[in-house]
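> Quick note, the sequences are listed as chains X and F, same order. For the record, in the first sequence the residue sitting at position 199 is 204 according to the working numbering, with numbers rising by one throughout. For the record, in the second sequence the residue sitting at position 191 is 255 according to the working numbering, with numbers rising by one throughout.
Some clues are possibly wrong.
27 Å max Cα-Cα, derived BS3-like pairs, lysine-lysine [unchecked claim]:
{"#": "1", "chain 1": "F", "residue 1": "K195", "chain 2": "X", "residue 2": "K165"}
{"#": "2", "chain 1": "X", "residue 1": "K171", "chain 2": "F", "residue 2": "K195"}
{"#": "3", "chain 1": "X", "residue 1": "K206", "chain 2": "X", "residue 2": "K67"}
{"#": "4", "chain 1": "X", "residue 1": "K38", "chain 2": "X", "residue 2": "K206"}
{"#": "5", "chain 1": "X", "residue 1": "K247", "chain 2": "X", "residue 2": "K186"}
{"#": "6", "chain 1": "X", "residue 1": "K11", "chain 2": "X", "residue 2": "K247"}
{"#": "7", "chain 1": "F", "residue 1": "K195", "chain 2": "F", "residue 2": "K212"}
{"#": "8", "chain 1": "X", "residue 1": "K206", "chain 2": "X", "residue 2": "K94"}
{"#": "9", "chain 1": "F", "residue 1": "K120", "chain 2": "X", "residue 2": "K159"}
{"#": "10", "chain 1": "X", "residue 1": "K253", "chain 2": "X", "residue 2": "K171"}
{"#": "11", "chain 1": "X", "residue 1": "K67", "chain 2": "X", "residue 2": "K247"}
{"#": "12", "chain 1": "X", "residue 1": "K159", "chain 2": "F", "residue 2": "K195"}
Pair ranges (Cβ atoms, derived) [said to hold, decoys possible]:
{"#": "13", "chain 1": "X", "residue 1": "L178", "chain 2": "F", "residue 2": "Q208", "range": "23 to 33 Å"}
{"#": "14", "chain 1": "X", "residue 1": "P91", "chain 2": "F", "residue 2": "A99", "range": "27 to 37 Å"}
{"#": "15", "chain 1": "F", "residue 1": "E341", "chain 2": "X", "residue 2": "L89", "range": "45 to 55 Å"}
{"#": "16", "chain 1": "X", "residue 1": "S183", "chain 2": "F", "residue 2": "Q208", "range": "33 to 43 Å"}
{"#": "17", "chain 1": "X", "residue 1": "L70", "chain 2": "F", "residue 2": "G201", "range": "44 to 54 Å"}
{"#": "18", "chain 1": "X", "residue 1": "L245", "chain 2": "F", "residue 2": "M225", "range": "21 to 31 Å"}
{"#": "19", "chain 1": "X", "residue 1": "P16", "chain 2": "F", "residue 2": "Q149", "range": "51 to 61 Å"}
{"#": "20", "chain 1": "F", "residue 1": "E274", "chain 2": "X", "residue 2": "T170", "range": "26 to 36 Å"}
One-sided excerpt, in silico: chain F residues whose CB lies under 10 Å from chain X [stated by the list, open to error]:
{"#": "21", "residue": "F141"}
{"#": "22", "residue": "S170"}
{"#": "23", "residue": "T183"}
{"#": "24", "residue": "E193"}
{"#": "25", "residue": "T325"}
Since the hints were made in silico from the structure, they are not lab data. Every residue gets a Cβ at the ideal spot worked out from N, C-alpha and C, and that includes glycine.
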Amino acid sequence: MRSSWKQIWPPIVAVVFFLAVWQLAVSFFDIEKWILPSPRDIGHEFAGNPAGIWDHTLATLKLTLIGFPIGTGVGLLVALLLHLMPWAKRAFYPLLILSQNVPSIALGPLLVIWFGFGLLPKMVLITLVCFFPVAVAAMGGLAQSDRVMLNYMKMAGASKWQIFTKLELPHSLPAIFSGVKISATYAVMGAVVAEWIGADKGIGYYMQLQKSAYRTDRMFVAIVIVVLLSLVLFAIIALLEKWLVRWKPRRNP
Amino acid sequence: MSQLTHTPPHEPVKSEIRTSAAGLHGLPPALEVSAVSKTFTQRRNSTPVLNNVSLKVEQQQFVTILGPSGCGKSTLFHIIGGLEQPDSGTVSMNGEIVTGQRGEISYMPQQPALFPWRTIEDNVLLSQEIKGAARDGSREEARQWLGKVGLAGFERAYPHMLSGGMQQRAAFLRALLAPQELMLLDEPFSALDALTRSEMQRWLLELWEENRRSVLFITHNIEEALLLSNRIYVFSGRPGQVLHTVDVPFPRPRREEIADTPEFLALKRQLSQWMREEQAKSRV
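For reference, chain X alone in the conformation it holds in the complex:
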């Protein structure tokens, strides 16, 4: 308990310090509220359910919670297929990397043209941002199985499927989780971008509305919520990892 407290207090102090400087700077230089609201203003706005932000949050959360598992699943599936078919890996791996060079903000309008304003284009967008870190991490993990253990499995007469389920998959779990943690934060961002492009509810939509009204304070409220959502999702994945990879020695080798 004590050691975890030791790890937690420096970032807390840093954040508090940052907020204090911000607050002081805004009042000292007398900055207009529509340019940069002070943390106090944002907190105040936050407390008062500004323009039904919680409904929008709920919509974004829903979108994230549907999109994230789909994206992660697609990532795992891609990694699995390419792992089992080395020739396919050689052919498609460069294309995978290329797909990440297309900015999602440019892809959004296209997806709207092709799939309309419903759930589908949003899912496609979130999947596109989520699957990549998972796929790359999982492929890396699957390819790096221990030689001695692999030889053991083969000599013991293990089938390809047994080698996969009993050796390669558990062996790559830590790597997969580092990918999933990244894509968890991407998922929230993906959802917001998707709403930004074409939706009638959600944080992304809300931000657009507030931007047009120059409600900078509400923009900040939205940002805070996006950050919190990402953090919570990240924490859940980290906890899941801690439980599933509990066999790993504490200190890093």
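Given the coordinates of chain X, work out where chain F should sit on it, guided by the hints.
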């Protein structure tokens, strides 16, 4: 998996072997390697690794391959285990040709190679799991064995919590509880410190004399070979071939004290000399 078709000359007799100690002489050897050669070719360079190797492990015998490092011992194990095909020659077990077939042997690698995400108990059961041979009593049996080899209380521990010697004992147990009759032990103690090593040798000796499995053991430690084996094949340096075959005369059950007898020392001297000659040759 294997592309080789094999023709079983008669019904497998495996089940009888374990139960009846009598009448072993009528049975075919647990393992027979006949005239196996293997050459690795890399670009234009071809390195002969094994040259016409023949050896036999009779039922319930402890047979050791003693050789300098780089004598192709590991390649031979890979061939027996079906990981690689010999260029020529055959491998047969219990009278059946099994060249290139996997899953016929129980293997213990040099490093313990316990699976870090499995508890010790689950690791020990892995060999049975792969063969689909786990029974209702398997887990209970594994627990009893863990107690017998001094790992009681570690059943649900993960491998990284154990010392090197303990991990090696767990790896040995995994091989021992495997459904395959023949055990291949690949320098199992080479990574241990001297004290742990001699302790493990004593432990293995006792355990083997109680359980009498057919064992093919690789080592480059002469004393270890003499203490444990019924028969020793002395290998040459690369390309590996059988130079000498030594039948170790000491009666069983053996105790460590035999290492002080004149017969033991004479044999040891003889083997050391052969080994030294081989080392010298391979240096040229």
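> Each hint should be assessed against the structure and marked as holding or not.
Hint by hint, here is what the structure shows:
no., hint, result
1, F:K195 with X:K165, "holds (13 Å)"
2, X:K171 with F:K195, "holds (13 Å)"
3, X:K206 with X:K67, "holds (11 Å)"
4, X:K38 with X:K206, "holds (26 Å)"
5, X:K247 with X:K186, "holds (12 Å)"
6, X:K11 with X:K247, "holds (20 Å)"
7, F:K195 with F:K212, "holds (24 Å)"
8, X:K206 with X:K94, "violated (39 Å)"
9, F:K120 with X:K159, "holds (23 Å)"
10, X:K253 with X:K171, "holds (16 Å)"
11, X:K67 with X:K247, "holds (25 Å)"
12, X:K159 with F:K195, "holds (11 Å)"
13, X:L178 with F:Q208: 23 to 33 Å, "holds (31 Å)"
14, X:P91 with F:A99: 27 to 37 Å, "holds (35 Å)"
15, F:E341 with X:L89: 45 to 55 Å, "holds (50 Å)"
16, X:S183 with F:Q208: 33 to 43 Å, "holds (40 Å)"
17, X:L70 with F:G201: 44 to 54 Å, "holds (45 Å)"
18, X:L245 with F:M225: 21 to 31 Å, "holds (23 Å)"
19, X:P16 with F:Q149: 51 to 61 Å, "holds (59 Å)"
20, F:E274 with X:T170: 26 to 36 Å, "holds (35 Å)"
21, F141, "holds (8 Å)"
22, S170, "holds (8 Å)"
23, T183, "holds (8 Å)"
24, E193, "holds (8 Å)"
25, T325, "violated (37 Å)"
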